[in-house]
Amino acid sequence: MEFDLIAFIKSKTKYDKSVILGINDDAAVLSLRPIKQLVVSTDTLVDGVHFDNKISPQQLGHKSLAVNLSDLAAMGATPKWFTLNLTLPKIEMSWIEGFINGLLRLAHNHKVNLVGGDTTQGPLSITITAFGEVETDQLLTRYSAQTKDLIAVTGQLGSAAFALDHTETELTKALFTPEPQLEISQQIRKFATSCIDISDGLLADLGHICHQSQKGAKISLEQIPVNSLVKESPRWSNYVLSGGDDYQLCFTFKPSDLSKLPDNCTIIGQICCSGGVRVYSENEEIKISQKGYVHFSNNG
78 MEFDLIAFIK
88 SKTKYDKSVI
98 LGINDDAAVL
108 SLRPIKQLVV
118 STDTLVDGVH
128 FDNKISPQQL
138 GHKSLAVNLS
148 DLAAMGATPK
158 WFTLNLTLPK
168 IEMSWIEGFI
178 NGLLRLAHNH
188 KVNLVGGDTT
198 QGPLSITITA
208 FGEVETDQLL
218 TRYSAQTKDL
228 IAVTGQLGSA
238 AFALDHTETE
248 LTKALFTPEP
258 QLEISQQIRK
268 FATSCIDISD
278 GLLADLGHIC
288 HQSQKGAKIS
298 LEQIPVNSLV
308 KESPRWSNYV
318 LSGGDDYQLC
328 FTFKPSDLSK
338 LPDNCTIIGQ
348 ICCSGGVRVY
358 SENEEIKISQ
368 KGYVHFSNNG
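Counting in this note's numbering, the final residue of the sequence shown is number 377, and the numbers go up one at a time with none missing.
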């Protein structure tokens, strides 16, 4: 059955000229272009931890790849290839077909090639490793924010976290099929000073930029873009500040580059010398108890 599964996946896969060998041998062979840097990201999604039976196979396939492409977007990279490692309790071809269709639809939309992977039996988990490339002078990182840089985000924040608590809403698309911000990434990589994707919550992820840049940040709660449905909730500020799974971009840039800011980006604050991330509402600092998603926490 494993070879039938591999044959099915292979039958759905097409390559561009950058793939010398794909799902045909012991390893993939890829063609790298000069003056480019290779950017690599990997993520694992585990049943019962990162998803449950509310998500369809097609949606899970989409999201499994999207979270990796979002990491590449945060680095300013153009995605090129990815590998898929599937651990399955049993092979159900209807589930597999839905999953692969959702996965490859997103891959096709962004011209990304599936070049290899592995399958094994066990509790359901999905690991994808994505590879991208970026010109050496356009790589985005977390550690180059400068004092007085402006802070901006793409899209709207808090929708995915809201949908997790309100499953009967149009915002479930933000939770189950997030769109990696690759197009905007390729615009801002020419001038942004730092960047991160918002996967663990705005406060946590902007906090990573501040920590690694040895800076602080001041943001305005009222300036953060939010869907009107989320804004109606009494918990809207928690969804916006600490909710994960947004997969939007948070980035910094010099005020002199303000005219370069793409549409669908909103300025929410400014980098300062120190002090961590501070949130202001109507010019008064507010205290936030929950900073964001914690991957390993001690609940005992």
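Hints should not be assumed to be uniformly reliable.
Claimed, not checked - With a straight-line Cα cutoff of 20 Å, these simulated SDA-like cross-link-like pairs (lysine to any residue) come out:
#1 LYS89 with THR204
#2 LYS267 with ASP214
#3 LYS89 with GLY99
#4 LYS113 with LYS308
#5 LYS331 with ASP214
#6 LYS94 with GLN114
#7 LYS87 with LEU183
#8 LYS267 with THR213
#9 LYS167 with VAL211
#10 LYS131 with GLU247
#11 LYS89 with ASP195
#12 LYS295 with LEU181
#13 LYS87 with LEU181
#14 LYS91 with LYS225
#15 LYS87 with ASN162
#16 LYS225 with THR343
#17 LYS167 with GLY194
#18 LYS94 with ALA104
#19 LYS364 with LEU259
#20 LYS89 with LYS131
#21 LYS331 with GLN300
#22 LYS94 with VAL123
#23 LYS113 with LEU248
#24 LYS91 with GLN135
#25 LYS295 with LYS364
#26 LYS89 with LEU109
#27 LYS331 with SER314
#28 LYS91 with GLY193
#29 LYS308 with TYR220
#30 LYS295 with SER314
#31 LYS267 with LEU335
#32 LYS364 with GLY284
#33 LYS167 with PHE85
#34 LYS250 with TRP313
#35 LYS188 with LEU109
#36 LYS89 with LYS188
#37 LYS131 with ASP242
#38 LYS295 with LEU248
#39 LYS188 with SER108
If you're looking for bench data, these hints aren't it; they were derived computationally from the structure.
A quick look at each hint next to the structure:
no.	hint	in the structure
1	LYS89 with THR204	holds (19 Å)
2	LYS267 with ASP214	holds (8 Å)
3	LYS89 with GLY99	holds (13 Å)
4	LYS113 with LYS308	violated (42 Å)
5	LYS331 with ASP214	holds (17 Å)
6	LYS94 with GLN114	holds (18 Å)
7	LYS87 with LEU183	holds (16 Å)
8	LYS267 with THR213	holds (11 Å)
9	LYS167 with VAL211	violated (39 Å)
10	LYS131 with GLU247	holds (14 Å)
11	LYS89 with ASP195	holds (16 Å)
12	LYS295 with LEU181	violated (40 Å)
13	LYS87 with LEU181	holds (11 Å)
14	LYS91 with LYS225	violated (46 Å)
15	LYS87 with ASN162	holds (14 Å)
16	LYS225 with THR343	holds (16 Å)
17	LYS167 with GLY194	holds (17 Å)
18	LYS94 with ALA104	holds (17 Å)
19	LYS364 with LEU259	violated (33 Å)
20	LYS89 with LYS131	violated (26 Å)
21	LYS331 with GLN300	holds (18 Å)
22	LYS94 with VAL123	violated (33 Å)
23	LYS113 with LEU248	violated (37 Å)
24	LYS91 with GLN135	holds (19 Å)
25	LYS295 with LYS364	holds (13 Å)
26	LYS89 with LEU109	violated (24 Å)
27	LYS331 with SER314	violated (27 Å)
28	LYS91 with GLY193	holds (12 Å)
29	LYS308 with TYR220	violated (32 Å)
30	LYS295 with SER314	holds (16 Å)
31	LYS267 with LEU335	holds (13 Å)
32	LYS364 with GLY284	holds (15 Å)
33	LYS167 with PHE85	holds (16 Å)
34	LYS250 with TRP313	holds (18 Å)
35	LYS188 with LEU109	holds (16 Å)
36	LYS89 with LYS188	holds (14 Å)
37	LYS131 with ASP242	holds (12 Å)
38	LYS295 with LEU248	violated (28 Å)
39	LYS188 with SER108	holds (15 Å)
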